[in-house]
Each structure stands twice: as C-alpha cells, then as structure tokens.
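Peer 1: Numbering (the working numbering), first residue to last: 404 to 1347.
Bear in mind the hints are in silico, worked out from the structure with no lab data behind them. Mixed in with the good hints there might be a few duds.
Said to hold, decoys possible - Distance condition first, Cα-Cα at most 16 Å in a straight line; then the derived EDC-like pairs of lysine to aspartate or glutamate:
(1) K646 to E842
(2) K746 to E775
(3) K1094 to D1072
(4) K1262 to E410
Said to hold, decoys possible - Computed spacing ranges between beta-carbons, pair by pair:
(5) S1124 to V564: 55 to 63 Å
(6) E700 to K747: 46 to 54 Å
(7) F1105 to D1165: 22 to 30 Å
Positions of the beta carbon are idealized from the N, C-alpha and C atoms, including for glycine.
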Amino acid sequence: MEYNFREIEKKWHQKWVENKTYQVSEDDSRKKFYVLNMFPYPSGAGLHVGHPLGYIASDIYARYKRLQGYNVLNPMGYDAYGLPAEQYAIQTGQHPAITTVNNINRYREQLDKIGFSFDWSREICTCDPQYYHWTQWAFQQMFKSYYCNRVKKARPISELVKAFETNGTEGLDVACSEELKFTAAEWNAMSEKQQQETLMNYRIAYVGETMVNWCPKLGTVLANDEVVDGVSERGGYPVVQKKMKQWCLRVSAYAQRLLDGLDTIDWTDSLKETQRNWIGRSEGTEVRFKIKDSDVEFTIFTTRADTMFGVTFMVLAPESELVPTVTTEAQKAEVEAYLDATKKRTERERIADRRVTGVFSGSYAINPMTGEAIPVWISDYVLAGYGTGAIMAVPAHDSRDYAFAKHFNLEIRPLIEGCDVSEESFDAKEGIMINSPREGMNSCGLVLNGLTVKEAIAKTKEFVKEHNLGRVKVNFRLRDAIFSRQRYWGEPFPVYYKDGMPYMIDEDCLPLELPEVDKFLPTETGEPPLGHATRWAWDTVNKQVVENSKIDHQTIFPIELNTMPGFAGSSAYYLRYMDPHNDKALVSKQADGYWQNVDLYVGGTEHATGHLIYSRFWNKFLFDLGVSIKEEPFQKLVNQGMIQGRSNFVYRIKDTNTFVSLGLKDQYDVTPIHVDVNIVSNDVLDVEAFKNWRPEYNNAEFILENDKYICGWAVEKMSKSMYNVVNPDMIVEKYGADTLRMYEMFLGPVEQSKPWDTNGIDGVHRFIKKLWALFYSRQGEFLPSDGKPTKEELKSIHKLIKKVSTDIENFSYNTSISAFMICVNELSQLKCNKKTVLSDLIVLLAPFAPHISEELWEKLGHDTSVCDAQWPSFNEEYLKEDTVKYTVSFNGKARFTLDFPADADNATIEKTVIGHESSQKYLEGKSIKKVIIVPKKIVNIVIG
RNA sequence: GCUCGGAUGGUGGAAUCGGUAGACACGAGGGACUUAAAAUCCCUUGGCUAUUGCAGCUGUGCGGGUUCAAGUCCCGCUCCGAGUACCA
C-alpha cells in the first residue's frame, strides 16, 4: 500500500480537533512544562519556509516532553499591532483591523497544515480588547508605582506621598528623573498640579520631556532599539533628535536587576553579552568642578579617577543646561553659532561624518585636586544623555579627548610611566602612575605616583569621598523606554488630562477600546491620528470617566491621543497564555502558580535588545506587584537561525534574448538575472516553464550544455524580489507536513543560519517511505507481527532510543534524524516486523513526524493517541558488543586493528598483542615498557 | 575600533572528554528491473598515485607549537558573519 500523506494528514488534523488532543489545563498531579515561541507579527506576505523553523523545533520538544509525562503548555498567538498594517491603511484606506484579520487567517491556515501541537483554545491577539485590557492595566500599575532603591522593588506611589507629607525628600532613596529636595511643609503647600508634577519625577510610568528619536516620515517617535544606523528599523527613514513630552517607562530603575538576572537564566553567552552591553554598567566617580570666579558648580562622571592630574580641559554636551551659564559674553556669538550647527545635524550625519568640532565657552573650571584653572569647551562628542553630560578631558589617556586636543592645540599631559603619547593616546588601564601630582604642582594632599592604575582609581575614590568632592557612582547606558507613539494602530492609553496633568481612567472601565477614525494620518493641528476620533472621545472616555470617577459632568476632559509602542503588547503575553480568558485579572494566582514561567523560549536574536529586555523588565515589575511569581520570564532560550534563500540565476547575453548555461557563460558578455527557484530543479532550468514565466521570455533562446540549462546560484535573503521564496504550503502539498518538518530539522542545527535548498528534501521523503515499507508491503499486506525481537533488532532500536533521547535534550535534531535513517535501514535489512520494536520506533518518531506516527500507531492496535504514549527507555545490555576492535599502535607508529573481548584490561591486551602473529614479528627483540589504553578503543604500546 | 561567533568534499552538514576525519543526506557517475519513464534496489564517490590483490601519499582557512595522538588545546595571522559604537 502506498504512503498517502494527504489522506493521513487530513484525517489526523480532524481527529486532533475533535478530540481536543492538545488542549491542556492545570493538573497538580503532573509536572508542568511551558514551551513558547515568540509570537509572529502577521504580515501580508504570509509564511515562507523559514518562519516555521523555530515552531517546528519547539513543537518537537513539546511533544517529547509530553511523551515523558509532562503536562505541556504550548500556546500560539499574534503580535497584531504594528506599522505595516497602518502604513497599508494610510495608502489604501483599508482599516488595519481588516488587514490584520485577513493576515491572521492566512497564517492560521498555513500553520494548521504543519501539524503543531498548539493549544489554540488559548490563542491571544494583542489587538483584542480582552487582551490589551491587561496591557493597559499593567501600564496603570506602573503609573501608580515608584521604585524604592532600598528594598529594590516597585512600591505603591501612595507610600511615597505619605513619606513626602511627613518628611519631604529627607532620607529618600528612590529611582527618579532628577534629584529633588523639598521639605514636608513645602510638599504640603504645593497645589495638586504641583504635587502631580513632582510625582512624575518618581512614577515608573511617567510623562517626561526627553530627547527622542523622531522619525518625520513615520510621524512618530521610536525607541532606541527601533533605530538602526540612524534610520528607522521599519522603512529605513531618517531619524532626528527632538525634545518632546512623552510617556516613558523607568526601565533604568531595574538596570541592576536586569543585569543580575542574567546569571540565573539559561541563555546563550552571546545573547547575555549583548544584553550586558546594552545595559552598560560602568562603575566610576562623580566629581564636582567649580567655575572660576563664580558660584557655579558642575559634576562630571569618570571611570578614570586616577587621571585627575592630567585633566587639561573640560567638555560639555551642546544640549547641557549649563551651556548658557558658562558661556561668557565674549564667546556668546560663537557658541550660539556652534549650537545651531550641531542641532541641524541628524544623528546619521554625526555617525557618517565624525569630524572634530567644538567651541570654547570662555569659562574656566578649577581642578579640585590641583587648583588649576582649565578651559571649558562645548562639543558634540560629549553626549547629553549619558552620565552628567559633562566630562573632564584627559587627552593623554582617552582617544576622543586626544583627537580634540590635537585639533584645538590643547595640552596633552601623560600620567603613566613609559607611555608614548606623541602619536596616539594611551587608553589601556594599566601601568604605573607618574606626574600625579607633577613636581611643583599644588596638590590637596593626594599622591598617586608609583601606584598602579587600579590602585590609583581606588585611592582617588576614597579621597573624593573623604573630602566631599563628589561620590562613587554606578552609571548605566540603559535608558528609560519611550512609551508613546504618534500612531493609530496600537493600544490606546487609559488616560485623560485634567489641568494639563494625566490621570488614569478607573480600572473598572478597562479596557479602553481603540476608537474608529476615518483617517490614519495626523490631524491638521498636528495631533496623532486618534485626534480624528472626536465622537469617541466624547462618547467613550468622558462617559466612562465621568460616570465612574464621579467628576463634574460639565467638564470636558481631553484624552491621551498617543498609543503604546509595539513592545507593550508583547511584554507580558506569556503570562496571559496561562489564563487567557480571565476577565478579572491578567492571570489568576492559581494558573500562574502552576505554570510559573516559560521553561523553553524559542525565537530569533533580533529581539535581544528590544522585546527580551522590555519583557524582563515588565515581568520584574509584575513580580514586585506579586502578580508574577517568577522574577525571570524565560528560563531557557534558544535562538533559531535564519533560513536564507538560495537564489538561482540565468545568464542573458547582452542585448539579446539568448540565455547561456552556467558552464559556458564566461565565453560571452552576460547579465545574470534572478529566476524563480520554483521553475528550477537541481539547478537545471525548466526551459518551457521559463518561457511561460514572463511574456518577454516567450521566444527566448538557449545555449545548453549536455542538453540542459544549468543555473547559477547564490545565498541571499529570502524575499520576493530575489524570486527565491519557497512557500511551506507547496512543500506540504508535494511531500506532506511530516517530510517538511523533518527536512527543516535535517537541514542543520536549529541555532544556525542556513540557506533553504529544496533539492535535499527527497532524502527525507524517501526515509518516510522506507519507514512505511516496514509496515506495509507493496501489495498492501500489513507486516507487523507479535514475536520476540532478535538481538540485532533490539540493538538497533536501543541505539536509536539512546541517541534520540540525548539529541532532543541538546536540540541536535539533525543528527537524530540521521540516526532514524540508519535505524530504519537496519530494520529493513533485518526484515524486522516485531510490533514491540516498531512501537518504540513510532513513539520516538512522533515528535518529529506526528501524522504518520499517529496513523501507524493506530494500525499497530493502540487505541490512544501516540501523544499519550510513553517515551521508551534504553537498556545498555542490548548495546554491548562481544568483542571490540582496538587499534593498537607501537610507539605511536605501526598500527594494527585487533579484536579483543569487550571487557579487556591492560593485562589481557598485553598478552594478546604479544600473542598475535603480526605484532609478534614487529616486537621481536624488543621489550614492552608500558601499555596505555585510552578511550575509544585505542591501545598504545611503548617499546624499547 | 571593541565584543562574541565561525571557516571541514561539488552541496547541507557529522565527529560527546584531544583518539587517528568526512556519519547521514543531496548531487554526480555506473549498474539492475522496465518497451520506456517514474518508482525501487545495488555499487563508486575528499584529492593524488596504484588498481584483476593488497596499498601508498596527502588532506579540516594560513603559519608555528604542545602531545604517543590535534578539525578539537596554545601562540601569531587571513577571511566571513553577528552585535555594538563618540558611554568618558
């Protein structure tokens, strides 16, 4: 009987739905396992063959864990808010909700063909009000919280208000935008508006006026991780810096915990390293410098406190608030011209054209160590956003300061013994200090000469602390996340404004639904697209606010017109899957208590500094609230590689319609042209299909080699424009889902990027047919029978059990599949038809090829789904060999291969070797010094 | 520039602790069955030399080193990929 995959796969898809095979619920009698894929953004292009790679890998693991007896949660959903649907809406007028639903349906159709064990009853979609209810709720909780550095936790803002009422800011240690100082009396005397403004300084979700990445073309701000090389990640439009009032999340408060948490999770080192760099912890010292002949003071941050004696100038960022203060009358015009010029440069230009620019402010600062007066400059190589926006410049030991000093002819003063700074600075943190202080230099008593750099830093820190010149400070590169987007297709903020200050809509009124608008562009007055939704503003928000918050009916409250960014909806979705239909809470205590956190998370590396930071932050916040019981959301993370396209080329002879085969192309002047990979097989072009591919090739002519047209090829990104997109539906149609699944895994390690090449798929398909042939003869006779397996049969299957079990744990699916091929070959050669052996084989195969496994499992007479079978365990007894081949070498030279008993030891080997004919000849007249048995069946004998 | 990966046949890739390369698969070549094709099965397949017997040399990006033994460890390079970039 033929292997009819179409019928089999259709049958089991139906049965799985009917029997709710993959629906799970909390079950305290079984251990849980939570497998999760990064949920997709449903794009209009549908899935290509690369998208399911990670889903297949995680599905195999999920099915494997289930066979081991775990209660496995394996959900799927959609990250449905996003720019493409909105851009499409702007162009065509089609509502993004419609586009999104269409795309989701298409995705679902494609996914269903591949046979995943997803529990679709838990499907979520970020644009569903039932879902974003909890995104809005979490945001409100952040608004109502501040971060206490003492307990290292988020706490209710009401606690902070109480503290202000009794003590003001006295003894406060909390995360804030800027250090404020006021007394209880001052606080109590503030108006409500002033109090609200003050609280903004401490809230975890706050409105802040910050420099943002503004993308004029998209009409919105972008987060740092959404900007790549100075242009927007989506669309590649220019991005400029702009000061704007925006919602922000105080991610920076969690910087240390985000860093520490990395040590507790099982992610790849490279991904952890990327996050560490992004968080960018640096330990240093803040030192105050006074401006000469003035009361003005400013603080700088340095990691090289040891170089205090080598400071020859100071630099402020152009955006620094101190700039107007330090600029003297005489320099005013020049400084203003410089500020103007820098403001005009986009970030992109600054990156592309890194020339040294700057201007002298006219003021001098006093070095607190030496009393020297040093010039204060302004330059855009100092960033306003990092540290204090001001630096002390040590040109001898910092390459940027060095370039600046050279350009403006400022003094360069070496501080490390033996370093040569005539050509470049000496940046390394090593060596012995000199000139600190220099002979004859005033000093306040600090002497660093003779110390190593490390010692000098420590000593200076102590000195600074003791003399109250500044403080020891840890700085992070991680910035607060900007949380407003001037777009339509995103979660609306559950916020209204009173007296210019934001207030939260009552929790009972959530979700605040996204209103309809008739235009998706900003309004004439420059407000975000939600500004078009005037009716909604009245009907929905004011009604909710007024009725539920018991506020004066006459008042019209403006509502927040921004929407939330893409990462809002994806930051806590893993919690929602645990309890997706709960309308009382994000997740019930019971569900969260059972599922805890994600045991295995699979997705691409492109989210390393975006989603994977934000959701860790978000989860830590919910952890502080007691909503999530695990501090880290994703215990183990596997990054699947990208599947690249394998493009094919034809070569057209210039100015003709004649195409020349690859091997002959060098004899002509040709242009390579991409050709659709779907009309090429094993690099041989289907000439007729090519003629029909496009009208202009209708009467194309060909110069063939060996009667074939051979195409060239290259590995490129899989994309429509390269004509190298391979669609999974087509593969399923031609070979079946089981073949697709196995082939995707057979292609190579999951973590590795590799090109898709449909050519190799026949090998996997053949394997499945061979497997089928173990069960059915060509005449359709069912072969399996009861009976005791032979030694060889047991050995073959137990070898496989051992291999596959360890391989799945290590995600080495490709080598597992090789092992299956070997085993099936062995069993066919042994003509094995023992039901026990074949049953084990089917269970092992079930995670990889679920459809054929279900079918054959049923045929073997089992009445439950193969999903509920038990993973077989192997028996070392069956794997033992009677004799073992040892390679024997003498002095590492002459080699023989000999058989020894499996349990041979030094003594028996020595005896046997000597007794052996060929070796005896070699050994004549020599004595054995020692016998070394090393693993892997090697014996070395040293003779002399 | 810095950080982290990687480089193995015509191709995708195996090789767990250093154990004597190239598993498995594709492709290619040859053969069987067939009127023919498809399907299936068998043989060969890193390179070079030898070939109606054995076999020999060479070989994991390049150059050194450690070791009885190196794709694997160490030192110095070349190239490729990813992340990051005035972070003081």
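Peer 1: Hint by hint, where does the structure go against what was stated? Just the numbers, ascending.
Peer 2: Violated: hints 1, 2, 3, 6.
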